[in-house]
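Listed in order, the protein sequences are those of chains A and B.
All letters in the first sequence, in the order written, are residues 1 to 55 by the working numbering.
All letters in the second sequence, in the order written, are residues 56 to 204 by the working numbering.
Everything labelled a hint here was simulated from the structure, so no lab data went into it.
Treat the hints loosely; a few may be bogus.
Claimed, not checked - Derived list of chain B stretches under chain A, where covered just means 3 residues or more per stretch with a C-beta under 8 Å from a C-beta of chain A:
#, stretch
1, 72-79
2, 145-151
To be verified - Reference listing, derived: stretches of chain A covered by chain B, where coverage requires no fewer than 3 residues with Cβ under 8 Å from a Cβ of chain B:
#, stretch
3, 23-33
4, 45-55
All residues carry an ideal CB built from backbone N, CA and C; glycine is no exception.
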Amino acid sequence: MKFFLFFLITASMLFSNFEYNLIDNNSSSPTFNQEVGPQLLNTNQVTVHYFGHFN
Amino acid sequence: MHQDGYEDKIKFFGIGKTQHQSSLSNWTNGNNTSVCMDISPENLVWNDWNANQRDLFILDYQGNLISQQNISSGLPNNLQNTLLNLIEQIPNDQIQGDMNSDGGINVLDIVLISNLIFANEYSEIGDVNTDGILNILDIVILVNTIIGD
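With the hints as constraints, model all of the structure from the sequences given.
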């Protein structure tokens, strides 16, 4: 049972889509006020996403 | 990494929550990184990504998750190497022979390759026949390409 749960959680993580559509709120950013997300990039780029509380 | 000329190979995003938007300027002052706010209280993106406060996600150029790491105690020591390795995996879509990266092959590219040959220098993009040597054969191929066009 534990193995099954481990497999299920691992599989769900592996096959989940790491995407989002959020508005860029940085007025200094070239994409200010536009929707951004890793899947919206036109070019092949490595992406780094930091989640935090603005502190 | 931006100073090293990788700014077009890597993109940084910050994702906060609207419930903390009064502190947004802490992330936006003095930089041009994309900073977003997930809509609270749902915080759907945070939930979709299974993210926690101060989690750092790295995706490769195809959008595959490479790592999810909490960096409350500091940045991982291998972060730069990880990113450099991922950048190296990005396919080079520059046209072989397109020395000035203008998207086409023309006489300007031949001039640039000629200059390198005279200077006894090498360019992987200019080495059209990929024989490891930059020489007249590469120019002949490019001329034929231009004439053929």
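Hints, verified against the model:
Counting residues of the stretch 72-79 of chain B whose C-beta lies closer than 8 Å to any C-beta of chain A gives 5; at least three are required, and the coverage claim holds. Three residues within the 8 Å Cβ limit are the bar, and the stretch 145-151 of chain B against chain A gives 3, so the coverage statement holds. Residues of the stretch 23-33 of chain A lying with their CB closer than 8 Å to a CB of chain B number 9, which satisfies the three-residue condition for coverage. Residue count for the stretch 45-55 of chain A with a Cβ under 8 Å from a Cβ of chain B: 11. That meets the three needed, and the coverage hint holds.
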